[in-house]
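Engineer: Each chain, written out:
2 protein chains.
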Amino acid sequence: MDVCAGIDIGGTNTELGLVSADGSVLWLTTFPTRSMAKPEMLLGFCTDALRKIISEKKLVLKGIGIGAPSGNYYTGSIEHAPNMPWPGIIPLADMFRGAMDVPVVLTNDANAAAIGEMFFGAAKGLRDFAVITLGTGLGSGIVTGGEVLYGHDGFAGELGHVIIEHEGRLCGCGRRGCLETYVSATGIVNTAKEWLEFEGEPTTLKTVSQEKIDSIMITDAAKAGDAFAMRLINYTAEKLGLALANLVAITSPSHIFLYGGLANAGDILMNATRSYFEKSLLKNYAGKVKIEFSGLPGNAAVIGAAALAWNEKRAQSSNR
Amino acid sequence: MDVCAGIDIGGTNTELGLVSADGSVLWLTTFPTRSMAKPEMLLGFCTDALRKIISEKKLVLKGIGIGAPSGNYYTGSIEHAPNMPWPGIIPLADMFRGAMDVPVVLTNDANAAAIGEMFFGAAKGLRDFAVITLGTGLGSGIVTGGEVLYGHDGFAGELGHVIIEHEGRLCGCGRRGCLETYVSATGIVNTAKEWLEFEGEPTTLKTVSQEKIDSIMITDAAKAGDAFAMRLINYTAEKLGLALANLVAITSPSHIFLYGGLANAGDILMNATRSYFEKSLLKNYAGKVKIEFSGLPGNAAVIGAAALAWNEKRAQSSNR
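Chains as they are written, first to last, in the working numbering: chain V, 1 to 320; chain P, 1 to 320.
Bear in mind the hints are in silico, worked out from the structure with no lab data behind them.
Keep in mind that the hints are not guaranteed to be accurate.
[Said to hold, decoys possible] Here are a few chain V residues that face chain P, going by a calculated C-beta distance under 10 Å:
hint	residue
1	Ala156
2	His166
3	Ile250
4	Asn271
[As the list claims (entries may be wrong)] Here are the simulated DSS-like cross-link-like pairs (lysine-lysine), alpha carbons at most 25 Å apart as the crow flies:
hint	chain 1	residue 1	chain 2	residue 2
5	P	Lys38	V	Lys279
6	P	Lys223	V	Lys283
7	P	Lys279	V	Lys239
8	P	Lys313	P	Lys288
9	P	Lys239	V	Lys239
10	V	Lys62	V	Lys313
Fair warning: this is a prediction, and the values are worked out from it, not measured in the lab.
Don't be surprised by glycine CBs; every beta carbon is placed ideally from N, CA and C.
All chains, full assembly: derive it from the sequences and hints.
Structural biologist: Written as structure tokens, this is what we have:
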């Protein structure tokens, strides 16, 4: 059976999996990204694991797709990723190509998610849409006219690094006020910590020490009706809604899909985001743009990364 | 001789001209947009003038290109343009097609400028760039992968309506804090009026009554060394530089071209814009994106609008 490998490198965890042409995940493993002190360690771990499972299951590896923060489609490198353990430029596609001798495609994790959505998810048949990944950071994969928007240098779609606050929170990229410092799993935790310094309101988040608060705790508390946690989500949604309205003024997608850890907040986040979004939209776009959750099943990140490789294979066949 | 007509409808003036296939303007006329109380008046005036000049000069009209604020390429209509005398939806392409029986293309004025720049200006051979028009409002024409970014509904590229200030200045679109309320000919005049209320600093702008101040007066004063006027331009450039850096994070162009009335401020505006732009850029893009003035000669707006029609003709021939 033909398979493509998907590698989704996140700021927190990396997932490695094998995905069939119909989008089924045949095998999957996860490890903390920071457990790989050097990219060579990641390469060795992944290639060993892939060789073993491919031989055991008698599969044929047709390609590898890698989604990574600050991944550059044109160069196949991770370049100066703010939230990653490896500084500088990492030519990861070349490294994997050298080790496995199959086509390797790399782009940022959000572009991979967008291609996954287009191949296997809720964006089938759509030509203008965006996928927003709400994980450790905030990523965006933008599709216009049926093609991923890569820009002149392969780095288009860094919505998380749009500056929304003058002299705002310090970002991993070294600047201040980037959207992802407010709207991401890390961002909402930062908001919680800032507010807990000054707020007298009772909240279940006060029952744990501040270092232990994570975004899951916040979204769980909000779902359980904790008013403080709900305000945190509302504040995050307000900033997200405005940023998405501003994105629409630039690329005018028909759909925006939310994806990743923070999207687990579900309807509380979605309803507030939609409400602020519509309020902030230019009249021309009113009521025309749908915000939805990703239509990909669990392990969506790996499916997206593998879809990269499947997409490249199909593009090659259609060029012949 | 074959010609295309270009009609550039601006918030203040409308230009109508005839442009040859090499981008030469053969004939041109200008009138205040508000002198046409209804779009039917504009249609009648333009078609009468075109018929007369075409017959006199023995030209062959091959098409009409119209650039207009909130112009929708897909529908050929002006839809709810904030700065225009005609409310609602104006099916201007259909109206001109009915009257002149030639192909008619309509898009927003900034997209027209972008196509003009690609055909006849400084963007020849570029695949990823943006043109920013700084007139009564702020428009943007974004080209990605060699194609104008129209979005799902024809309304992509409304950078002037990105909200940059929470509860900021009231915009013609009915919302508050849009970029163009700060960065445009109107925006800089508004800043001047706000500051003059509170500023003790001497400035030549105090020698005229506030209602008479326009952006040309401000840029002329700045060029003559008026410190207050220079601060006005600097403030405008700061907002523009940040907005352009944020645009780069989304579409990653190689070049951004400034065009329109306010661009006449020249180096004072350009140097400050570039400086704030580089300061605000994500590290990945540093030093890679050039900001330049438009490479189109005078009457660039009409050339851009006519280029729309020439572009459409070429696309049709290559499809055959």
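Engineer: If a hint holds in the structure, say so; if it doesn't, say that too.
Structural biologist: Hints versus structure:
1. Ala156: holds (4 Å)
2. His166: holds (8 Å)
3. Ile250: holds (6 Å)
4. Asn271: For Asn271/V, the interface hint is violated, since the closest Cβ of chain P sits about 21 Å away, which is over 10 Å.
5. Lys38/P x Lys279/V: violated (31 Å)
6. Lys223/P x Lys283/V: Roughly 38 Å separates the two Cα atoms, so the pair is violated.
7. Lys279/P x Lys239/V: holds (23 Å)
8. Lys313/P x Lys288/P: violated (34 Å)
9. Lys239/P x Lys239/V: Holds, because 19 Å separates the two Cα atoms, which is no more than 25 Å.
10. Lys62/V x Lys313/V: Between Lys62/V and Lys313/V the Cα gap is close to 8 Å, so the pair holds against 25 Å.
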